[in-house]
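*Asks:* Letter by letter, the chains look like this.
Number of protein chains: 2
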Amino acid sequence: MSETVAADPLAPALSRIAATVESALDTLLPLPEGPERRLMEAMRYAALGGGKRLRAFLVMETAGLFAVSPTCAARVGAAVEMLHAYSLVHDDLPAMDDDDLRRGKPSCHKAFDEATAILAGDALQTRAFEVLAEPDTHSDPQARAELVLALAAASGPRGMVGGQMIDMLAEGQSLDGPAVTRLQALKTGRLIQFSAEAGAILGRAPARERHLLAAYGRDLGAAFQIADDILDTVGTEAEIGKTVGKDAASGKATMVAVLGIERARDHATMLAEQAAAHIEGFGPRAALLQALAGFVVGRRS
Amino acid sequence: MSETVAADPLAPALSRIAATVESALDTLLPLPEGPERRLMEAMRYAALGGGKRLRAFLVMETAGLFAVSPTCAARVGAAVEMLHAYSLVHDDLPAMDDDDLRRGKPSCHKAFDEATAILAGDALQTRAFEVLAEPDTHSDPQARAELVLALAAASGPRGMVGGQMIDMLAEGQSLDGPAVTRLQALKTGRLIQFSAEAGAILGRAPARERHLLAAYGRDLGAAFQIADDILDTVGTEAEIGKTVGKDAASGKATMVAVLGIERARDHATMLAEQAAAHIEGFGPRAALLQALAGFVVGRRS
Chain C
0 MSETVAADPL
10 APALSRIAAT
20 VESALDTLLP
30 LPEGPERRLM
40 EAMRYAALGG
50 GKRLRAFLVM
60 ETAGLFAVSP
70 TCAARVGAAV
80 EMLHAYSLVH
90 DDLPAMDDDD
100 LRRGKPSCHK
110 AFDEATAILA
120 GDALQTRAFE
130 VLAEPDTHSD
140 PQARAELVLA
150 LAAASGPRGM
160 VGGQMIDMLA
170 EGQSLDGPAV
180 TRLQALKTGR
190 LIQFSAEAGA
200 ILGRAPARER
210 HLLAAYGRDL
220 GAAFQIADDI
230 LDTVGTEAEI
240 GKTVGKDAAS
250 GKATMVAVLG
260 IERARDHATM
270 LAEQAAAHIE
280 GFGPRAALLQ
290 ALAGFVVGRR
300 S
Chain B
0 MSETVAADPL
10 APALSRIAAT
20 VESALDTLLP
30 LPEGPERRLM
40 EAMRYAALGG
50 GKRLRAFLVM
60 ETAGLFAVSP
70 TCAARVGAAV
80 EMLHAYSLVH
90 DDLPAMDDDD
100 LRRGKPSCHK
110 AFDEATAILA
120 GDALQTRAFE
130 VLAEPDTHSD
140 PQARAELVLA
150 LAAASGPRGM
160 VGGQMIDMLA
170 EGQSLDGPAV
180 TRLQALKTGR
190 LIQFSAEAGA
200 ILGRAPARER
210 HLLAAYGRDL
220 GAAFQIADDI
230 LDTVGTEAEI
240 GKTVGKDAAS
250 GKATMVAVLG
260 IERARDHATM
270 LAEQAAAHIE
280 GFGPRAALLQ
290 ALAGFVVGRR
300 S
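One line per chain: the protein sequences are C and B, in this order. The first sequence begins at 0 in numbering that gives the first Met the number 0 and counts up one residue at a time. The second sequence begins at 0 in numbering that gives the first Met the number 0 and counts up one residue at a time.
Each hint can be trusted.
Listed below are several chain C residues computed to face chain B (Cβ distance under 8 Å; list not exhaustive):
#1 ALA114
#2 LEU118
#3 GLN124
#4 ALA132
#5 MET164
Hint data in this document are derived by calculation from the structure and do not stem from the laboratory. For glycine and all other residues, C-beta sits at the position ideal for the given N, C-alpha and C.
Okay, chain C solo, but in the shape it has when bound:
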């Protein structure tokens, strides 16, 4: 048994945390009676049952470095996944990326309708902030307010949504390397960075340790996004569960377009190594976070 764990400790940890956050999401998104039930059905459709839960994994593993209660950390992990799910629901809308497929099933507006998908995305964002502000998330209101502040900064106009705006405007244009790097840092990087910092906020960690985890999250997020772009180019729909080849078809700005596949892969590997280096000081307690850096550039889905 212990040999199996030693051989690949990351895969079972990812599965275990995915199950934990799935259960937290199920609890935090209860179906109401009444005609508004459809809204929560759409929210649950978008938030439950999918994805690697990379962001929740980061929250729970970094929280573990500071002996934070796993129940509290799972709430924050669930909140980040709600925020992420909202962004996917809105990105898939006809007026945005117009994508019919998400995590191997119809995207939210195909399974329900556009109006419901817009509202479900809106309400998933609201619920994410509500969960962070609830006393069950942390006994210290300072930590709760700080989580709200950090998630809002990561996902608002100077973060995720700002990046999505740049992405929409860049379609059909050719961006250079620094411009693509900045776009991706905002669009996906900031939320991944928040996830890695969240454990430090929950654990009231010293600023230095929070900064190291932020740096880890920043480089990990950049590596992850490049790996995602490579998968969009070389993966199959069955493997990754969403429409592939769309980036090139729509002239999306990616590092693959800028560097070509091989150099993009090298760049992602360099970023992943850099990410792992930031957290060396945490020692063996951070072994899974170290392993994750290798995983995100090696994954096939």
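Fit chain B to the supplied structure of chain C, relying on the hints for placement.
*Replies:* Just chain B now, kept in the frame of chain C:
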């Protein structure tokens, strides 16, 4: 001079607070450099320069009962107006109410485009929570976390967005009085109630006073919504600055449809009087809040 003020103290107070919150919004939504500038332009287009600022007025006047710093109260007023503006931007989208006119000018997706309007609404919501969580809003993190929690509860699936879902599903159906009352309590009432409670949260007021203000906000919001529905039936587009007669045309569930205009007007007046009665105990300090209750049912725009 003092006679003029005595004759109608509410109108200048509304104007003064509208100017204060306009200035706060201008400061809190700074235009960035870079390609994401368009996002903030759309956010400012939606949030600045319009509306009676009823919600901000409630925040600032109730905060005044507890000697809260007007600067702090204006930030919370601006946050509520951002949240309200986001809901209008998304409600006007083609997949929702499909409305081309808002506050006398093209709605956000007509002035920009659908993708930008979706993102601008998303980011206005995010920024509202961010502003509440920022230390400048209150020195006590407990108050900040409580504001986030209360705004999220008022605007999420058990509040505004839940109400909007019911509203979409009810189109073309005939709802009875209690169902319309509940729909409107969620869709517009909860956010108005939050605005009236916000002053008590900022002022760390005793629970009893917070509950009185919540009750005031609840009845005021119900009266306001009925008055709005009456205006949609009898007002002109020039007067109210948005498309009129749409509710009846699309079979929207309103109290006018349930009660007819005259009985709906009586019901709104009764609710306004009830709202004013809740806050009698605050005495002359609450005179403008009392006057507001009469104003919302008497207004013509």
